[in-house]
Amino acid sequence: MAKWRKAFPVDLADESFISRREFARFLGLVSAGFTAGIGYLWLRKKPLDGAPGPKGIPESAVDLGPADALKPGQSRLFTYRDKDDRCILLRTAEGELKAYRQTCTHLGCAVRFNGGQLECPCHNGFFECGHGFPVQGPPTRPLSGIALNVRPDGTLWAVGDLPKPGEGKEA
Amino acid sequence: MPLVNEEYGFFIDPQRCIGCRACVGACAECGTHRGRSMIHLDEMDRLASTQTVPTVCMHCEDPICAQVCPADAIKRSEDGVVHSSQKPRCIGCQNCELSCPFGVPIVFSGLEQMLKCDLCYDRTSEGHRPMCATVCPSQALLYVPKTQIESLRKNKPLREFTIGSLHVKTRNAVMVPDDDVPLHLDAALLIAGGF
Chain A
986 MAKWRKAFPV DLADESFISR REFARFLGLV SAGFTAGIGY LWLRKKPLDG
1036 APGPKGIPES AVDLGPADAL KPGQSRLFTY RDKDDRCILL RTAEGELKAY
1086 RQTCTHLGCA VRFNGGQLEC PCHNGFFECG HGFPVQGPPT RPLSGIALNV
1136 RPDGTLWAVG DLPKPGEGKE A
Chain B
11 MPLVNEEYGF FIDPQRCIGC RACVGACAEC GTHRGRSMIH LDEMDRLAST
61 QTVPTVCMHC EDPICAQVCP ADAIKRSEDG VVHSSQKPRC IGCQNCELSC
111 PFGVPIVFSG LEQMLKCDLC YDRTSEGHRP MCATVCPSQA LLYVPKTQIE
161 SLRKNKPLRE FTIGSLHVKT RNAVMVPDDD VPLHLDAALL IAGGF
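Chains as they are written, first to last, in the numbering used here: chain A, 986 to 1156; chain B, 11 to 205.
This is chain B alone, in the form it adopts within the complex:
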């Protein structure tokens, strides 16, 4: 039974991340990724903290990467998964890289094609969980039925973000302490404030 459906959700909990990079290695092992990892694992402030944050594609309801693609190469399937660019169409212009509010797409030089997290579509469409979610030892990346998350975690899934003037609704969720207020991020303010 396919695991890409309304029932299952991808939950990202940065507070649980221990920076082991198992997800990065596992991502590259996925059959269709062919040795290329599409997970970003960022260190927040290496001098002051061990905090790391894994970033996978949030699979937006209105994917801005696809909206800005001049070659019509980025498509979303019926189950809400935004896929990597189609090889015959992608021109490697990097519009998607620049436009994504989460910084997910990667244009691989040499390949001249944008590849991104596709929720391991070859696995999830056949009933397996995404590679990163299967290997994460602290379950910072979790792929479970949405109904289970309340019993598994105390914090709440957040699927709406305001980034600058952009309001984004996503398929995947980030676990936050309180989901009453949509997360508002403004990169310009953060940079001005020196993080």
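Extracted from the complex, chain A is given alone in its bound form:
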């Protein structure tokens, strides 16, 4: 028997007829189930607020070595949260230390520092160094920044994620 014939049987006994009342009951039960589920999640909302983040990794500080190791226009790579979280540390021409995630916000290529700007070689995207804003090419969102801290002993530490530029202005 063809597969479609099972859905449209010749014999009345094989036909699975769903009445309007049965269909309405099914819809009602499913809707009630969803409503109950949403209510349950709402009740569970407060305990969930204190739960750890999605990856369960708290903010941590990573030692990046001596703060004066880089000269203006130089850069080096480091990893922050794990070995796949690749970041770039650079010293701008003005002597300011900046760190960004190395992932281009266009299609995820690794960006590099050309001495003046961060450039993505895949599609000729460019980001300025001050805040990671895109200035040329296809990227439209700024790079994700890493907060840096120089401790009294002269060592440089990555201490967390910078808020995205533009965020917090409304708050």
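Hints listed in this document are in silico derivations from the structure and should not be mistaken for laboratory results. Don't take every hint at face value.
Stated by the list, open to error - Below, a list of computed lysine-lysine pairs in the PhoX-like style, where the Cα atoms sit at most 25 angstroms apart:
(1) A:K988 / B:K179
(2) B:K166 / B:K179
(3) B:K97 / A:K991
(4) A:K991 / B:K179
Here the structure of chain A is known, so what remains is to put chain B in place on it, guided by the hints.
Only chain B this time, still in chain A's reference frame:
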């Protein structure tokens, strides 16, 4: 007690038909047929013979009318009766009319629905015989227990037909002189031979 069961059979004997058209009138009188007759009474060769042949639905085991229905409107109940098309589904496409090897289904214009012999299901399911079988004066249409037919008739019931390349097994039977050889009909050959 319902009369649509394995015990009872419908036997059509064209040799006994006298062409009185009582079956045609009675069919229209059946409660659910609402004035529409679904029996075909055909004259074979009016110039040469008075032979007439009543045709009611043979209620095929594998009803080709239902197989070709694009709207899934023709259904067979558990007792083997192939019913008229379901009104909400039938689209009046006439596929069933064209496909039936016996030429039984009729798509009524105006109604835009296919109606066919349903063995007077409203009657047979309540213990009455089909209207046509109750009125046929020569018992060319006979509805009796299958075990009785041998004592009633000399000829044999035939329930298998080969029509062109189509092999059909039916619930109803046609009485023929010899049932050893399945009846083979080929309309194309008949037309070519000028009947």
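Here is what the structure says about each hint:
no., hint, result
1, A:K988 / B:K179, "holds, 24 angstroms"
2, B:K166 / B:K179, "holds, 15 angstroms"
3, B:K97 / A:K991, "holds, 22 angstroms"
4, A:K991 / B:K179, "holds, 22 angstroms"
In this structure, every one of the numbered hints holds.
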